[in-house]
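Colleague: Since the structure of chain A is provided, determine the placement of chain B on it from the hints.
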Amino acid sequence: MTKKLVQGNEACVEGAIKAGARFFAGYPITPSTEIAEGMAQRLPREGGAFVQMEDEIGSIAAIIGASIAGTKAMTATSGAGFSLMQENLGFAAMTEVPIVVVDVNRGGPSTGTPTKPSQGDFMQARWGTHGDHPIIVLAPSSVQEVYDQTINAFNMAEKYMVPVILLYDEVVGHMREGIEFTQPPEIVERKRPTVNPKDYLPYATDNSLVPALAPFGTGYRYHMTGLSHDETGFPTGNPETIENLVKRLNDKIEDNKEDIIQYKTYDVDDADVILLAFGSPVRSARQAQKQARARGEKVGLIQLITLWPFPHDLLQETFAKTQASFIIPEMTLGQLADEVSKSVPREKIHSVLRNDGTLMTPAQLDEAVKGVM
Amino acid sequence: MLREDKMPHIWCPGCGHGIVLSAFLRALAKKELDPNKVVVVSGIGCSARAPGYLDFNTLHTTHGRAIPFATGIKMANPDLKVIVLTGDGDSSAIGGNHLIHGARRNIDLTVVVFNNNIYGMTSGQYSPLTPHMAKATTAPYGNFDYPFDLVELVKGAGATFVARGATAYPVQLEKYISQGLDHEGFSVIESISQCPTYFGRKNKLGGPMDMLKWQKENTSLGGKDESKIPLGVLVQTERTEYSSNYYKHVKSLAGGHKGE
Numbered sequence: 004m005t006k007k008l009v010q011g012n013e014a015c016v017e018g019a020i021k022a023g024a025r026f027f028a029g030y031p032i033t034p035s036t037e038i039a040e041g042m043a044q045r046l047p048r049e050g051g052a053f054v055q056m057e058d059e060i061g062s063i064a065a066i067i068g069a070s071i072a073g074t075k076a077m078t079a080t081s082g083a084g085f086s087l088m089q090e091n092l093g094f095a096a097m098t099e100v101p102i103v104v105v106d107v108n109r110g111g112p113s114t115g116t117p118t119k120p121s122q123g124d125f126m127q128a129r130w131g132t133h134g135d136h137p138i139i140v141l142a143p144s145s146v147q148e149v150y151d152q153t154i155n156a157f158n159m160a161e162k163y164m165v166p167v168i169l170l171y172d173e174v175v176g177h178m179r180e181g182i183e184f185t186q187p188p189e190i191v192e193r194k195r196p197t198v199n200p201k202d203y204l205p206y207a208t209d210n211s212l213v214p215a216l217a218p219f220g221t222g223y224r225y226h227m228t229g230l231s232h233d234e235t236g237f238p239t240g241n242p243e244t245i246e247n248l249v250k251r252l253n254d255k256i257e258d259n260k261e262d263i264i265q266y267k268t269y270d271v272d273d274a275d276v277i278l279l280a281f282g283s284p285v286r287s288a289r290q291a292q293k294q295a296r297a298r299g300e301k302v303g304l305i306q307l308i309t310l311w312p313f314p315h316d317l318l319q320e321t322f323a324k325t326q327a328s329f330i331i332p333e334m335t336l337g338q339l340a341d342e343v344s345k346s347v348p349r350e351k352i353h354s355v356l357r358n359d360g361t362l363m364t365p366a367q368l369d370e371a372v373k374g375v376m
Numbered sequence: 007m008l009r010e011d012k013m014p015h016i017w018c019p020g021c022g023h024g025i026v027l028s029a030f031l032r033a034l035a036k037k038e039l040d041p042n043k044v045v046v047v048s049g050i051g052c053s054a055r056a057p058g059y060l061d062f063n064t065l066h067t068t069h070g071r072a073i074p075f076a077t078g079i080k081m082a083n084p085d086l087k088v089i090v091l092t093g094d095g096d097s098s099a100i101g102g103n104h105l106i107h108g109a110r111r112n113i114d115l116t117v118v119v120f121n122n123n124i125y126g127m128t129s130g131q132y133s134p135l136t137p138h139m140a141k142a143t144t145a146p147y148g149n150f151d152y153p154f155d156l157v158e159l160v161k162g163a164g165a166t167f168v169a170r171g172a173t174a175y176p177v178q179l180e181k182y183i184s185q186g187l188d189h190e191g192f193s194v195i196e197s198i199s200q201c202p203t204y205f206g207r208k209n210k211l212g213g214p215m216d217m218l219k220w221q222k223e224n225t226s227l228g229g230k231d232e233s234k235i236p237l238g239v240l241v242q243t244e245r246t247e248y249s250s251n252y253y254k255h256v257k258s259l260a261g262g263h264k265g266e
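Protein chains in written order, with our numbering: chain A, 4 to 376; chain B, 7 to 266.
Simulated from the structure, these hints should not be mistaken for laboratory data.
Restricting the straight-line Cα-Cα distance to at most 25 Å, the calculated cross-link-like pairs of lysine to any residue (SDA-like) are:
#, chain 1, residue 1, chain 2, residue 2
1, B, Lys254, A, Gly23
2, B, Lys43, A, Phe237
3, B, Lys222, B, Phe154
4, A, Lys201, B, Asp85
5, A, Lys119, A, Thr364
6, A, Lys201, B, Leu8
7, B, Lys161, B, Thr243
8, A, Lys21, B, Tyr253
9, A, Lys293, A, Asp369
10, B, Lys12, A, Thr208
Simulated restraints, written as ranges between beta carbons of each label pair:
#, chain 1, residue 1, chain 2, residue 2, range
11, B, Ser250, A, Asp262, 40 to 46 Å
12, B, Glu158, A, Glu40, 31 to 37 Å
13, B, Thr144, A, Pro242, 27 to 33 Å
14, A, Thr235, B, Lys254, 35 to 41 Å
15, B, Tyr253, A, Ser113, 38 to 44 Å
16, A, Lys260, B, Lys254, 43 to 49 Å
17, B, Ile16, A, Leu204, 21 to 27 Å
18, A, Val198, B, Thr144, 45 to 51 Å
19, B, Ala260, A, Thr197, 27 to 33 Å
Positions of the beta carbon are idealized from the N, C-alpha and C atoms, including for glycine.
Looking at chain A on its own, in the form it has when it is part of the complex (with noise of 0.2 Å):
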């Protein structure tokens, strides 16, 4: 197959388009405008709809009301939109209702520097939205992890019924490298009710504690509420059925961390040292890491595409068999290295933190290496 040179966000598109995503509802932001601009254009293509709405509550009620109706949808935004969408992020949560949101990282807090690369929504993107509830955020750190990564979003999307963050930084989004639109190995599609109609429980589950919920039109008459509700999917008050509800939720993702988490390993084995990243820092610390191996240090990489949920497995026992100094290149003030923490002492997390709205640089990591070697 042959390269074609493209930009992230237009990857992000392609991958949409290729995942089966029929329905884009969004409002402008930069820098992810490209990617409603290129919905706008390869939609009604396919087939399908597109709609620049009023604001970023009604693009995300717009996707999820489209998903609902069995069609698989996504919008894109940036902080401040992505900021605007938390309530309606938690109805698809609570309702089960597969969507994916792209959140193109630009500097914040408030407007902040809307054209330069940042990954301050990292604990946004987890907990944005209030309650405890169930999401998934993915990350690439290439134009062919973004086109990849769409897939997948929309994969988990529909196989967990949860809502997909695509999360990454502007860099990501603008710059243009080779890609392949290689076809997926699969395109997974939301598991449909068996039973008679008259039978249906629209949230009873079996042991994969994922609901089998009829996209409405096709013959299953039931309702929806972002309220409490019960197996019948009307609202309840019972404590246990609440509770029963808040903690299944929960866990169909939690119990199925080993299918969900993506994540990719350099010389970690023997390592003295391991940088961990995800998005665009991950290509400074390749370099940084490369540069250390070839002095002969022990020098290992972590990239992490799953931000959540986190790996902390995968954290515990890289520390467990190395004993290794992590060194964690962030665009936040320390987000990333307080949920690293969790799993490894603090005493050997070496944070490199950039909040300027500047790319990471390899100097700037090759420089922390050696001053932790």
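Modeller: This is chain B only, laid out in the frame that chain A set:
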């Protein structure tokens, strides 16, 4: 059409919402639609509980957002009949932006607004449709805001069918909703509804019967008396409907698609 096992409903004795809902159901029944192809969407509030009692595809969403949810449903499957049941606060305060943009697009949704001039679910705060200087729990000295005229608002925004009814005139209300359901495009039917528990009590308007009497004294069927609130079908125009226009273009564009 009712989920009888969900009765009794949560509305207070004397509330007008049951009258609006029954007018809606009588109108809908005569259309003889396949219930599997009917979707009823609501936001949050007293009115938003209505879909739970209806045996259709029913969706109880977040506060103010029923119209964009419904927009997504309609665009994903234009064969569905999509109806929004909403309240005065839900549609004109938190959801005001979506209301005007739905009207501007002229997407084929039927929006029934249960207007009781108050936030009933949270026990009586003033809404954008609470009259000037009327009392509410958050307007103890009277409401310093001025209310929207919802009919004029959605008319200005481009709605192609707008009617106003009242629970004092259920037969006429049914007729307006029926016409709204038949209309291809964004149709809004506001129904004045009484909330004796909060709005009535706070403003010393008497019981439900007194409030219905107030409606009769202060409204004018067909708007003949210009000093009163006009009731009737107040806007009925033709403009290309959003989803059908979109898919007409999709058909020609997809037809020209050469594939990969």
